[in-house]
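J.: Could you put the whole structure together from the sequences, leaning on the hints where they help?
Chains as they are written, first to last, in my numbering: chain A, 1 to 307; chain B, 1 to 332; chain C, 1 to 306.
Hint data in this document are derived by calculation from the structure and do not stem from the laboratory. Worth double-checking, as some hints may not be accurate.
[To be verified] Here are the simulated lysine to any residue pairs, SDA-like style, with alpha carbons at most 20 Å apart:
1. A:193 x B:104
2. B:82 x A:202
3. B:85 x A:212
4. B:85 x A:131
5. A:193 x A:127
6. A:193 x B:64
7. B:121 x A:221
8. B:82 x B:4
9. A:193 x B:122
10. B:121 x A:208
11. B:85 x A:127
12. B:82 x B:148
13. B:121 x B:200
14. B:286 x B:315
15. A:193 x B:65
16. A:193 x A:222
17. A:193 x B:89
18. B:121 x A:222
19. A:193 x B:101
20. A:193 x B:130
21. B:12 x B:65
22. B:85 x A:210
23. B:200 x B:174
24. A:193 x B:222
25. B:85 x A:208
26. B:85 x A:211
27. A:193 x A:221
28. B:200 x B:159
29. B:85 x B:101
30. B:85 x A:222
31. B:130 x B:148
32. B:121 x A:131
33. B:121 x A:211
34. B:121 x A:127
35. B:12 x B:200
[As the list claims (entries may be wrong)] Partial chain A-side listing against chain C, Cβ under 10 Å, derived:
36. 160
37. 240
38. 286
39. 293
Idealized CB from N, CA, C, for every residue including glycine.
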Amino acid sequence: MESLHPQPVPVSMPAREASRPSLSRRLWRSVRTYPMLYVGGLIVLLLVIAAVFAPVLAPHNPDTQFQDIGLNAEGTPVGPNATFPFGTDSVGRDVLSRLLYGARVSLIVGIVSTLINLLLGVVIGLISGYFGGWVDNVLMRITDVILAFPVLLLSMALVAVVGPSLWTVLWVIGVVGWGTMARVVRGQVLALKEFEYVQAERALGASHGRIMFRVILPNLMGPVIVLSTLNVGANILTEAGLSFLGIGIQPPTPSWGNMIQEGIQTYTFAPWTMWFPGLALVLAVLGFNLLGDGLRDILDPHSATRR
Amino acid sequence: MAQPLLEVRDLKKYFPIRRGVFQRTVGHVRAVDGISFTVAQGETLGVVGESGCGKSTMGRTILRLLEPTAGEATFDGADLFKMSKSQMRAMRRQLQMVFQDPYASLNPRFTVMETLSAPLKIHGLYPSPKERERRVHEMLERVGLSPEHARRYPHEFSGGQRQRIGIARALMVEPRLIVLDEPVAALDVSVQSQVLNLLKDLQNEYGYSYIFVAHDLSVVRYISHRILVLYLGQMMEWAETDDLFAHPLHPYTQALLSAVPVPDPDQKRERIILQGDLPSPANPPKGCPFHTRCPVAMPVCSEQRPTWSEVRPGHFVACHLHGGPSTEGGAS
Amino acid sequence: MYAYIIRRLGSAVVVLFGISVVSFLLIYAIPADPARLIVGPKAPPSVVEGMRHQLGLDQPLPLQYIHYIWRLLHGDLGVSYSFNLPVLTMIGQRLWPTVELALGCWIAELIIGIPLGIYTARRARRMSDFILSALALIGISLPVFWLGLLLLYWFAFRVPIFPLGGFGGLRYLVLPSLTYGITGAAYYMRLLKSSMLEVMEQDYVRTARAKGAGESRVTWRHVVRNALIPVVTFGGIDFSYLLTGVILIESTFNWNGLGTLAYTAIQNIDIPVIMGTVLLVAVAVVVFNLIVDILYAVIDPRIRYS
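T.: Set out below in structure tokens:
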């Protein structure tokens with residue numbers, strides 16, 4: 001039914017909504033456009049569920065050693081079966097249950113250490129890029145120093161000195177790995193501070209704090225989110241590497257890295273003891289890498305940090 | 001004339017050129033090289049020149065978005081260049097700026113409401129959110145937008161509308177002087193006149209003073225009371241708009257004016273085409289900076305910098321053709 | 001350009017100074033008492049005090065730092081707590097195996113990564129590009145130590161083509177290098193691909209095509225040559241990742257290099273050895289990046305003024 005008289009077009013949302021395709025249609029189109037984002041997001045979501053609901057999902061206690069049904073007559077691990085879907089390890093513990101609890105360690109270390117990287121990197125990069133001059137010079141040389149140490153090696157040394165534990169690993173990776181973030185943020189700030197809307201804030205008489213945190217920071221979020229997502233994957237790998245070397249998460253607390261280490265003794269006759277923790281690790285890191293790349297396509301399409 | 005609102009005296013802004021291991025300063029880009037002028041209450045001063053002549057730098061330096069190298073800028077009796085950073089911050093209530101690119105000058109993440117209430121928050125005006133909102137709505141109407149626009153983001157507006165928002169932002173704190181840095185250069189011609197009319201109307205109603213920086217002479221002619229012509233960071237001519245257009249004295253001004261299209265096709269006019277490129281402001285020519293391209297250059301022009309002299313009341317020029325009373329009656 | 005190189009050298013010296021401060025603080029500002037570690041937990045306090053004095057630990061921290069730098073400049077990295085050997089000698093013995101492994105890993109990365117990068121760039125947006133790009137993402141996500149164990153399982157244990165780890169001739173080098181090559185090649189592949197796609201859009205490439213140059217001539221003469229520049233820069237950044245990978249690979253393959261040395265030192269809390277290796281690696285990273293930057297400035301004049 002059309003009116004003869006031109007009427008003002010209502011600008012309320014429902015009117016526009018109605019002309020759009022259905023929600024599931026739009027979701028499917030979005031999945032087709034950004035497959036990496038959705039696949040990565042799904043993997044990360046599953047990982048989070050596994051970690052949060054580990055006590056509910058795990059068929060057994062991760063530390064219980066099933067000396068009877070968990071080991072063969074020769075005392076070797078039992079392969080995957082109905083009771084132990086992913087088999088048992090050298091002392092008869094359920095591999096699946098340990099994997100689920102191991103997800104907790106990976107996620108906590110990966111995410112919290114990334115948050116520490118993020119905080120240090122953003123603050124240092126922001127101050128460095130915004131103020132420039134000698135401040136920039138000093139902060140960037142400090143960043144060069146931290147970047148000169150390979151994250152794993154410096155973490156190894158620090159953990160060796162402080163003594164291994166979940167909290168040490170988490171802090172050490174957090175404090176060591178902020179260099180790249182600081183560099184990227186600084187580069188973005190250098191570009192952003194020449195923008196006229198930043199100059200306009202200065203002309204209004206805004207304080208440095210307001211310009212840095214209210215004006216520049218929100219416009220940095222794209223690359224920062226992308227880099228942080230990729231960073232979670234990298235930090236999970238660093239934690240696994242440390243645990244694999246025996247200087248990260250200490251047994252009996254399950255971590256995918258120390259499970260692989262323990263699997264070395266049994267993998268010639270019970271390869272599942274090593275395969276499953278490795279696969280879990282690959283999947284988790286892949287999830288964050290996919291999510292990061294997918295987010296980059298949306299948030300930061302002209303990124304120079306692509307590598 | 002009454003006491004001017006702003007008096008700029010011998011303003012200089014040099015950018016250092018650094019080279020070598022210790023980044024020693026080996027020279028300067030003389031973006032603004034000794035400029036003096038006054039702006040009265042309610043007056044528009046047009047500043048024109050080719051791109052790279054230092055006109056934008058001049059505007060930004062007066063507002064201390066760039067730190068001046070030398071000179072004075074007395075605003076309402078106080079020297080802006082002697083103020084501390086915090087004094088200057090408070091001073092910005094009275095001195096505002098409108099930027100060239102309406103696409104780059106608005107933060108894409110702020111709604112119009114956030115953009116326009118920012119100046120109020122920064123200067124602690126209208127502490128209650130309700131009042132601020134009313135004030136923003138008021139200002140949107142003043143610049144020809146509607147209060148409903150407050151909730152939208154910059155990308156939902158056209159270039160002309162964005163520039164109105166940019167103007168509204170500058171007006172929020174009720175400033176007395178506004179530096180307009182090529183405010184219509186990025187807009188379509190049809191929209192330009194709307195924005196220019198808005199600026200004129202606002203001035204008539206509220207008595208703002210403008211420093212209007214532009215390279216388009218017809219735009220400047222339309223809005224300015226007086227016009228200052230710059231070349232390589234130096235002053236060439238300064239006069240009332242009508243006087244300047246009727247009797248341009250400096251060869252550079254004459255060349256600029258000859259390039260302005262004339263509405264009457266029968267009116268024949270010789271177009272002066274400047275030869276050569278703009279010299280580098282890092283290494284300006286000796287004597288009169290314009291002598292390398294001047295069609296009527298004399299030997300003295302490459303030797304001596306011409307004096308800045310008031311040839312007629314209110315009409316200043318720096319040219320050896322019009323250098324002081326003794327040579328009066330020279331070519332024009 | 002000389003000014004740029006000298007400035008770059010200057011900043012490298014500043015960074016080296018920073019590195020020495022960090023490694024000094026790690027040794028001396030730790031909760032564990034090195035003197036106690038050396039003399040053992042049962043030694044009487046007087047012996048511990050004596051050792052503290054001998055190590056200079058009773059001096060103020062800045063003074064200790066000056067001594068530390070002085071010794072460093074004379075090539076004295078201290079003496080291992082557990083082996084009672086000079087750290088420099090121990091590092092010297094393990095240096096070559098690590099250099100060999102690192103070279104092997106780097107070559108493997110390039111051999112896998114560069115051809116795949118060229119291939120995917122020429123087949124961009126086709127099925128083979130899609131599959132290889134997906135594999136590259138998986139490659140990046142693989143933990144080197146785990147991949148190393150898998151390769152050992154299949155190609156040394158089940159099908160014994162290669163030795164089950166250890167350091168020796170070329171045969172010993174294949175699996176460890178391949179391990180790193182698979183995980184690292186993806187970076188080179190993706191970088192070269194995006195760089196090539198960018199270069200292919202450039203006017204000079206269009207001009208070459210318009211002049212009637214054949215597709216393979218365009219690819220090799222114009223695109224690949226120019227697209228390799230960012231790849232070379234990444235080589236500098238990659239050096240630090242390479243060393244991280246090497247540490248883990250050495251441990252997986254029982255390779256008797258610096259990584260294993262650091263690892264054993266960490267097990268024994270042999271702090272001088274830990275710090276010696278960390279310091280050496282950091283210095284190597286700085287020097288390597290310095291060389292890359294200088295070479296880069298020589299090749300590409302635009303860099304010098306930025």
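J.: For every hint, state whether the structure bears it out.
T.: Hint check results:
| no. | hint | verdict |
| --- | --- | --- |
| 1 | A:193 x B:104 | holds (12 Å) |
| 2 | B:82 x A:202 | holds (18 Å) |
| 3 | B:85 x A:212 | holds (17 Å) |
| 4 | B:85 x A:131 | holds (15 Å) |
| 5 | A:193 x A:127 | holds (12 Å) |
| 6 | A:193 x B:64 | holds (16 Å) |
| 7 | B:121 x A:221 | violated (24 Å) |
| 8 | B:82 x B:4 | holds (19 Å) |
| 9 | A:193 x B:122 | holds (19 Å) |
| 10 | B:121 x A:208 | holds (14 Å) |
| 11 | B:85 x A:127 | holds (19 Å) |
| 12 | B:82 x B:148 | violated (42 Å) |
| 13 | B:121 x B:200 | violated (28 Å) |
| 14 | B:286 x B:315 | violated (25 Å) |
| 15 | A:193 x B:65 | holds (12 Å) |
| 16 | A:193 x A:222 | holds (16 Å) |
| 17 | A:193 x B:89 | holds (18 Å) |
| 18 | B:121 x A:222 | violated (27 Å) |
| 19 | A:193 x B:101 | holds (15 Å) |
| 20 | A:193 x B:130 | violated (31 Å) |
| 21 | B:12 x B:65 | holds (14 Å) |
| 22 | B:85 x A:210 | holds (15 Å) |
| 23 | B:200 x B:174 | holds (16 Å) |
| 24 | A:193 x B:222 | violated (34 Å) |
| 25 | B:85 x A:208 | holds (11 Å) |
| 26 | B:85 x A:211 | holds (15 Å) |
| 27 | A:193 x A:221 | holds (15 Å) |
| 28 | B:200 x B:159 | holds (19 Å) |
| 29 | B:85 x B:101 | violated (27 Å) |
| 30 | B:85 x A:222 | violated (32 Å) |
| 31 | B:130 x B:148 | holds (15 Å) |
| 32 | B:121 x A:131 | violated (23 Å) |
| 33 | B:121 x A:211 | holds (13 Å) |
| 34 | B:121 x A:127 | violated (23 Å) |
| 35 | B:12 x B:200 | violated (30 Å) |
| 36 | 160 | holds (4 Å) |
| 37 | 240 | holds (6 Å) |
| 38 | 286 | holds (4 Å) |
| 39 | 293 | holds (7 Å) |
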